[in-house]
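Asks: Okay, here's what each chain looks like letter by letter:
There are 2 protein chains.
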Amino acid sequence: MDFKIKNKEGQARTGEIITEHGILETPNFIPVATQATVKALSSETLSKIGIQAVLCNTYHLYLRPGEELIQKLGGLHKFMGWHKPMFTDSGGFQVFSLAEISKIDDDKVVFRSHLDKSKHELTPEKSIEIQEKLGADIIFTLDECIPFESDYETAKKSVERTHKWAEQCLKAHKTNQALFGIIQGGKFEDLRRQSAKFISSLNFPGYGLGSIFGEPKEETLKVIQYMMEELPEDKPKHLLGIGAVEDIFNGVELGVDTFDCVLPTRLARAGYIFTSEGNLKDKWRYRITNAQYTGDQGPLDKNCKCDVCKNYSKAYLRHLFKTNELLAYSLATEHNLWFFNNLMKEIREAISQQKFQELKKKWLA
Amino acid sequence: MDFKIKNKEGQARTGEIITEHGILETPNFIPVATQATVKALSSETLSKIGIQAVLCNTYHLYLRPGEELIQKLGGLHKFMGWHKPMFTDSGGFQVFSLAEISKIDDDKVVFRSHLDKSKHELTPEKSIEIQEKLGADIIFTLDECIPFESDYETAKKSVERTHKWAEQCLKAHKTNQALFGIIQGGKFEDLRRQSAKFISSLNFPGYGLGSIFGEPKEETLKVIQYMMEELPEDKPKHLLGIGAVEDIFNGVELGVDTFDCVLPTRLARAGYIFTSEGNLKDKWRYRITNAQYTGDQGPLDKNCKCDVCKNYSKAYLRHLFKTNELLAYSLATEHNLWFFNNLMKEIREAISQQKFQELKKKWLA
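Chains as they are written, first to last, in the numbering used here: chain A, 408 to 772; chain X, 408 to 772.
If you are wondering where the hints come from, they were derived from the structure by calculation, not from laboratory data.
Keep in mind that the hints are not guaranteed to be accurate.
Just a few of them, taken from the derived set where beta-carbon distance is under 10 Å, the chain X residues facing chain A [what the hints assert, rightly or not]: (1) Gln442; (2) Val445; (3) Arg673; (4) Leu674; (5) Arg676; (6) Ala677; (7) Thr696; (8) Gln699; (9) Asp703; (10) Arg725; (11) Lys729; (12) Ala735.
For every residue, glycine included, the Cβ atom is placed at its ideal position computed from N, Cα and C.
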C-alpha cells in the first residue's frame with residue numbers, strides 16, 4: 408500500500424491510498440459490508456454508485472462462513488465479487504459490542520457468539536490470522552474498545568492492553584496487507600496523545616482512531632485533534648465507525664482521510680433518506696414513510712443524480728416501504744450511499760480548490 | 408395493441424405483441440410485479456436481464472397505494488419506472504384466493520381485505536375502472552376463478568357469470584388499452600369449448616386462459632387444447648398463472664403466447680435456484696442452502712450467462728441465504744428470471760428454425 412497527499416487546505420487534505428486492488432481517493436467514506444455484502448446491494452451496484460472501498464467485519468465472517476472457507480475460495484475480494492480496495496476491522500469492536508464476553512485479560516478475550524452462544528477466543532495473533540486469510544487490502548490491530556465515557560483508570564488499562572496487542576499484531580503479521588495501528592485512550596488528552604505517540608513509534612503504514620462515539624461533539628473533536636497532532640502527517644488516518652455528515656466535515660478538517668459507518672445503510676433500511684435539501688438540525692435526512700410523501704412526485708433529493716432519483720418518486724419509495732417490499736431497502740440504500748459518496752467527492756474537489764471551509768460553512772450553516 | 412405471427416411450427420408460433428410501450432416478443436414469460444415491483448428487483452435490473460413485460464396485480468394496487476393515486480402520479484409505468492409493455496390482471500384471482508369473501512352474486516363480489524379486513528366491492532365495471540386508472544397496456548376481464556377440480560354445476564354457473572362479466576367489462580372499457588377476455592369452464596370439455604366460443608364471439612384483441620392449476624397435467628393440457636381449438640389463430644393467448652418449465656413447453660406447443668407466474672421469483676426467495684443442468688425430475692432447480700454447496704466455487708448454473716453467475720459462486724449465494732442477507736433474494740431472483748427469460752429466447756429461436764420439438768425433447772428428456 409502506498410499513500411500520496413495531493414492537496415492541502417489547513418489540516419484537510421486530499422490524497423490517494425494505492426492498493427493492489429486499485430486507488431482509493433481520500434477523503435472518502437467506506438460503506439460497511441458486514442457479512443461480505445453491503446446490506447441489500449450487489450457489488451455491481453456499489454461500483455455503479457462510485458464506491459471505491461468497503462469495510463467487512465472480521466467477527467461476523469469468522470463466525471459465518473469462516474475465514475478458512477473464504478481463503479479456500481480465493482479470498483474475500485473474489486468471494487463477494489468486489490475487486491476494489493477493501494478493509495477488514497480486527498473483530499474487536501463486535502466482540503465487545505455484540506458477543507457475550509466470558510473473560511478478558513491481557514492475553515485474550517473469551518466470548519460467546521451472539522448467534523448460538525458457542526465459545527470462542529480472540530487474541531491479537533488470531534485477529535491477524537483471520538484477517539490475513541480474508542485478504543483485505545487494509546487490516547487493523549486488535550484493540551480493546553471501551554465507552555468514550557469510561558473513567559481514567561479503565562481508559563489507562565485499555566490503552567496499555569491495546570498497545571501490547573498492537574505489538575503482538577505487528578509481530579504476527581506476515582502478508583503484505585497494510586496493517587493499521589489503532590489508537591485508544593477514552594476521552595483523556597494525555598492517554599490519547601500517549602497512545603498516538605506509542606502507536607506511531609511502531610511504524611504502521613496507517614492509523615485507526617478508535618472509540619470516538621461520544622457526547623458532546625466538541626469533546627470528541629478535541630480528542631481527534633490530540634491524536635492528529637501526535638501522528639505523522641504522511642500516513643493515512645481512518646476514523647473508525649463514524650459517519651454523521653457534520654462528523655465527516657469536522658474529521659476532514661482535522662486531517663482524517665477515511666471514515667466507515669453503518670449509518671447511511673442502516674438508516675436506509677429504516678426508511679430514512681439523506682438529502683442535500685436538509686440541514687444540521689434535521690441531520691440531512693427525513694423519514695420517507697411520513698404521510699406527507701404519499702403523493703409526492705418529486706425525487707428523494709432534488710439535487711441528486713443517482714439512478715433512484717432519476718427513475719423513482721418519493722411516492723413510489725414510500726409505497727415500497729409501506730408494503731414491506733424488498734426493493735425499498737435496496738433503493739434507499741443505493742440513494743443514501745450515493746449521497747455520502749457524492750458528499751466526499753464534493754469535499755475532495757473543494758479541498759483541491761482551497762474551498763473546503765466555504766463548503767463546510769455552506770453545509771453546516 | 409397489434410399482434411403479428413412470425414413463424415410457426417405445428418401450433419407453436421413466434422410473434423410480436425406491439426404496444427405503445429414497445430414490443431413483446433412471443434412466446435414469452437411475464438414476471439409478476441405484484442405491488443408495482445418484481446419482488447427484490449428494480450426496473451433497471453429487469454431491463455438488464457432482458458425482461459420485456461411485467462404483470463401487476465390489480466387487487467394489491469387497489470388496496471395499496473390505490474389506483475387513484477397511481478393515476479394522479481402519471482400511471483403505473485411511470486410510478487414503477489417500467490417503460491415497457493405491462494399487463495394487469497382483473498383483481499379476481501386475488502379476491503378469490505387472498506381476500507375473505509362475504510358475498511358473491513352475478514352483480515358483484517363483496518370481500519374483506521386480507522390486510523385490514525376492510526370491506527370492498529368488486530364489479531366488472533370497477534375492475535375495468537381500476538385497470539384503466541393503472542394504465543397497463545394489456546388488461547383482463549373480471550372472471551370468477553374456481554378450483555380446477557370443481558364439479559360440473561359449479562363450473563357451469565361460473566362460466567355463465569364469467570361470460571356476463573366479460574360483456575359488462577367490454578361495455579365499460581373506454582381506453583385504448585387492450586382488453587383480453589378470460590375463458591373459464593373448469594375441467595369440462597364442453598364448458599371450455601363453449602366459453603372459448605362465446606368469448607371469441609365478443610371480439611377481444613386477445614384471450615386469457617383461466618384457472619388451469621390442476622392435476623393430472625395431461626388433463627390440464629387437454630383443457631388448454633379444447634380452448635385453443637375454438638379460439639381464432641390470429642389473436643394472442645395468455646395462460647394465467649402458469650410457469651413451470653414443462654408447462655411452458657406444453658403450452659407453447661399448443662399455441663400459447665404468454666405466461667405469467669410467481670414461481671421463479673417466489674422460489675428464488677426461498678433459496679431455490681433454477682438451472683439448465685437440472686431435469687424434469689428435479690424440476691430444473693435445487694436448494695442453494697444445502698450443505699453440499701458450502702464450498703462450491705462454481706456458478707449457480709454452469710451454462711448461465713447472467714451477471715450473478717458471472718460474478719458470484721454457489722458458496723457466496725449459500726452464505727447470503729444462511730446469514731439472511733437481503734442480497735440473497737435479489738441475486739437469486741435475478742438469476743431465476745434470467746433462466747426463464749433465456750428459456751423463452753431459446754424457445755423462440757427454436758420455433759423460428761423449426762426446431763421446437765427438438766428443443767422440447769432435449770429439455771423434457
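Asks: If a hint holds in the structure, say so; if it does not, say that too.
Replies: Here is what the structure says about each hint:
1. Gln442: holds, 5 Å
2. Val445: Status holds, d = 8 Å.
3. Arg673: violated, 12 Å
4. Leu674: violated, 15 Å
5. Arg676: Hint on arginine 676 of chain X: holds, closest Cβ of chain A at ~8 Å, below 10 Å.
6. Ala677: Hint violated; alanine 677 of chain X Cβ to chain A Cβ min 13 Å, cut 10 Å.
7. Thr696: Interface hint status for threonine 696 of chain X: violated (12 Å vs cutoff 10 Å).
8. Gln699: violated, 14 Å
9. Asp703: Holds: closest Cβ of chain A sits about 9 Å from aspartate 703 of chain X, inside 10 Å.
10. Arg725: Check passed: Cβ of arginine 725 of chain X comes within 8 Å of chain A, closer than 10 Å.
11. Lys729: holds, 7 Å
12. Ala735: holds, 9 Å
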